[in-house]
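Got chain G; can you put chain B on it based on the hints?
Next come the chains, spelled out residue by residue.
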Amino acid sequence: MRRSVPGFVVIIISGFYLLLCSCLEVACVDETEAYVKANFYSYSDGQMIIPDSLTLYGINMESDKIYNKAIITPPVLLPLRDSTYYSTFIIIINGVTDTLEFRYWSYPHLVTKECGYTFYHHIDTVYHTKNAIDSISKTDENVTTINGENFRIYY
Amino acid sequence: MERISGYIISALLGLICFTVRANAQDTVQFPMKIRFGIEAAGSAKYFYEKDRVNFEGYFNIDLSEKYSFVFIAGRSDYSYARYRDTSFLMYDYRTKGTYFRTGFDVNLLKPEKSQGKYSVSVGIRYGLSHFTYEIPTITHKNYWGKYHTSVSSTDEWAHFFEFTPGVRAEITKNLSLGWAVSIRKIIDAGTGQHLKPVYLPGYGNGSKSFSPGISYYIIWSIPFKTKRIIILPEEEEEDEGDLQQNPGDSTPDGFRQ
Chain G
340 MRRSVPGFVV
350 IIISGFYLLL
360 CSCLEVACVD
370 ETEAYVKANF
380 YSYSDGQMII
390 PDSLTLYGIN
400 MESDKIYNKA
410 IITPPVLLPL
420 RDSTYYSTFI
430 IIINGVTDTL
440 EFRYWSYPHL
450 VTKECGYTFY
460 HHIDTVYHTK
470 NAIDSISKTD
480 ENVTTINGEN
490 FRIYY
Chain B
2 MERISGYIIS
12 ALLGLICFTV
22 RANAQDTVQF
32 PMKIRFGIEA
42 AGSAKYFYEK
52 DRVNFEGYFN
62 IDLSEKYSFV
72 FIAGRSDYSY
82 ARYRDTSFLM
92 YDYRTKGTYF
102 RTGFDVNLLK
112 PEKSQGKYSV
122 SVGIRYGLSH
132 FTYEIPTITH
142 KNYWGKYHTS
152 VSSTDEWAHF
162 FEFTPGVRAE
172 ITKNLSLGWA
182 VSIRKIIDAG
192 TGQHLKPVYL
202 PGYGNGSKSF
212 SPGISYYIIW
222 SIPFKTKRII
232 ILPEEEEEDE
242 GDLQQNPGDS
252 TPDGFRQ
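Chains G and B supply the protein sequences, listed in that same order.
Counting the first sequence from 1 gives a position; the numbering used here is that position plus 339.
Counting the second sequence from 1 gives a position; the numbering used here is that position plus 1.
If we strip away everything but chain B, and leave its shape as in the complex, we get:
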């Protein structure tokens, strides 16, 4: 009887120890964060491309260890002149406007690897752009000679979608760097089919149905909650597989015959 109760006590202690060990290994304390950032590429480009000014702010909040909500707001001021040769101005285009992009990011990293610091994500966003544009000079030359015209300042709204894979890494405590490539698809440029915008704030080249882009972010993170995530243990299939592959290679004591 004493022996049986000894076994039971040992089994219970073993079970408790196993549970404690399992909790220690298979649980991740995941920091949920709010992130604020700026897009650095647009500002950096200004130093070598003076006719384009772009400022963009970034807000992101974790909804879970996998999903986060994203809101981006920006302001663009752009002018562009296209010449056929140095003396022939084909057109001169100016636009400025405000844009917003909002949507969700899905972090593809597992929580134990991400730790709230790293992200390899894909995102989808809806974009809205409110802009004014004018074309002070359009010059067209054909058989009959040169003709000049212009389009006066016009106020428009445009809509687009964006698919954006990206990466982000925390480089020091709460400070992250990240970049994302973007493929944007125009829904409506707002200008009709003949005067498609040469540049659409928040979108890029508005004369194209698809517009690629890249954004480089500097991000400050603020943890607001810690979420306890239980990680399901992975099955140890590799060892079994090895044994199945070489069933007769080894003797029971581990030596090759």
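Isolated chain G (complex conformation):
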């Protein structure tokens, strides 16, 4: 006579299968960089206006440009230095050069277990020269991985 396996034994053993499936790791799919996000506006009428040409690089890092005579898709992304409380950039808008400096404090932030930690920043002050740039206004002083405008650059 054929004996059937009790349903409870099947259920108990199936738990082992679930146990094995619970050990899988997944890849990082989230944004891991917190950039300062800035948009360009006309100082005369306040309308958003994209420069014809933009060059941007960190001070003393001329050989490693973030944007090089680029036509940008807004916003422009500026990475901040984690190890200091300030970052200085050279910005060339339509061939006119300015210097831009952010003062801030940084703190680590866990993105996910898979992506690890990034650094978020809280901007205190921004300094700039006034060759092409007229003024800069702060819209959000918290620099995170979330999309959103931090500064408006009027030129």
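Please note: incorrect hints may appear among the correct ones.
Claimed, not checked - Stretch by stretch, here's where chain G covers chain B in the computed footprint (C-beta under 8 Å, at least three residues): (1) 132–145; (2) 148–154; (3) 185–198.
To be verified - Derived, one-sided and incomplete: chain B residues facing chain G with beta-carbon distance under 10 Å: (4) K67; (5) Y92; (6) S208.
Stated by the list, open to error - Here are the simulated lysine-lysine pairs, DSSO-like style, with alpha carbons at most 30 Å apart: (7) G:K408 / B:K147; (8) G:K404 / B:K147; (9) B:K142 / G:K404; (10) B:K97 / B:K142; (11) G:K477 / B:K142.
FYI, nobody ran anything at the bench for these hints, they're computed from the structure.
All figures in this text were calculated on a predicted structure; none of them were measured in a lab.
Every residue gets a Cβ at the ideal spot worked out from N, C-alpha and C, and that includes glycine.
Using the frame of chain G, we list chain B on its own:
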């Protein structure tokens, strides 16, 4: 007169017989039990995942044939290192702590099927975790280069809820095996929103609002009381239904026309 008294005596005897029969069929002697157990999955995982040690004890006491009180206590020691490639250590995380989960299980099986041996249950628990964590290495690389920092050892408390369906079956006298899947919801990780725990003892991945899990238990049961449960007889609706469905199909003597 004799005939009437004969009918009465017969009716009384019949009633007594029916009552005795009803008691024999519709009563279940349900063993109420205290259960002690260990969670086996955490210990088993140690053999192939040396950076995680987890010991968990299980206590359960029947409050009725349906409800039971559950208390779980455990200890976790966990370390984790995440690399981008073999040479770039993104971070190194270490935590250890004690946790407790307490709540109730509801057995969905009827007492006559459960017999105190089997359980298909859903449970809800409150969890409390007391842990220390440290992050000896955090490396972040961007346009400006690599930057290393660390977070020193910190002591925290975390709270969470758990919803846990599971099954349990007695395999030999008083020895049961069972497993439960868990969905845990963090209430407060205790570490603030920026340094959420990579691993929270008793909870799992603390960077997530919800954490799934599975536990596998080996349980020793001790009966402490037998509860007599009267089972209400089910109405025999099926026969009536059959007759209503085919009222003219059969002749009174049972033959088809």
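Pair hint outcome, K408 of chain G versus K147 of chain B [Cα-Cα no greater than 30 Å]: Given pair K408 of chain G, K147 of chain B holds - Cα atoms ~27 Å apart, limit 30 Å.
Satisfaction of hint between K142 of chain B and K477 of chain G, Cα-Cα up to 30 Å: Distance of about 26 Å is within 30 Å: holds.
Given pair status - K404 of chain G, K142 of chain B, alpha carbons within 30 Å: Between K142 of chain B and K404 of chain G the Cα gap is close to 16 Å, so the pair holds against 30 Å.
Satisfaction of hint between K147 of chain B and K404 of chain G, Cα-Cα up to 30 Å: 17 Å, holds
Whether chain G covers the stretch 148–154 of chain B (at least 3 residues having a Cβ closer than 8 Å to its Cβ atoms): holds (count 3)
Given coverage of the stretch 132–145 of chain B by chain G, checked by CB-CB distance under 8 Å (3 or more): holds (count 6)
Distance restraint between K97 of chain B and K142 of chain B, which requires alpha-carbon spacing of 30 Å or less: Cα-Cα ~28 Å, so holds.
Interface hint compliance - S208 of chain B to chain G, C-beta minimum distance less than 10 Å: Interface hint status for S208 of chain B: holds (5 Å vs cutoff 10 Å).
Minimum beta-carbon distance criterion (10 Å), K67 of chain B to chain G: 19 Å, violated
Interface hint for Y92 of chain B, Cβ within 10 Å of any Cβ on chain G: 5 Å, holds
Three-residue Cβ test at 8 Å for the coverage of the stretch 185–198 of chain B by chain G: holds (count 3)
Consistency with the previously given hints fails for number 4 only.
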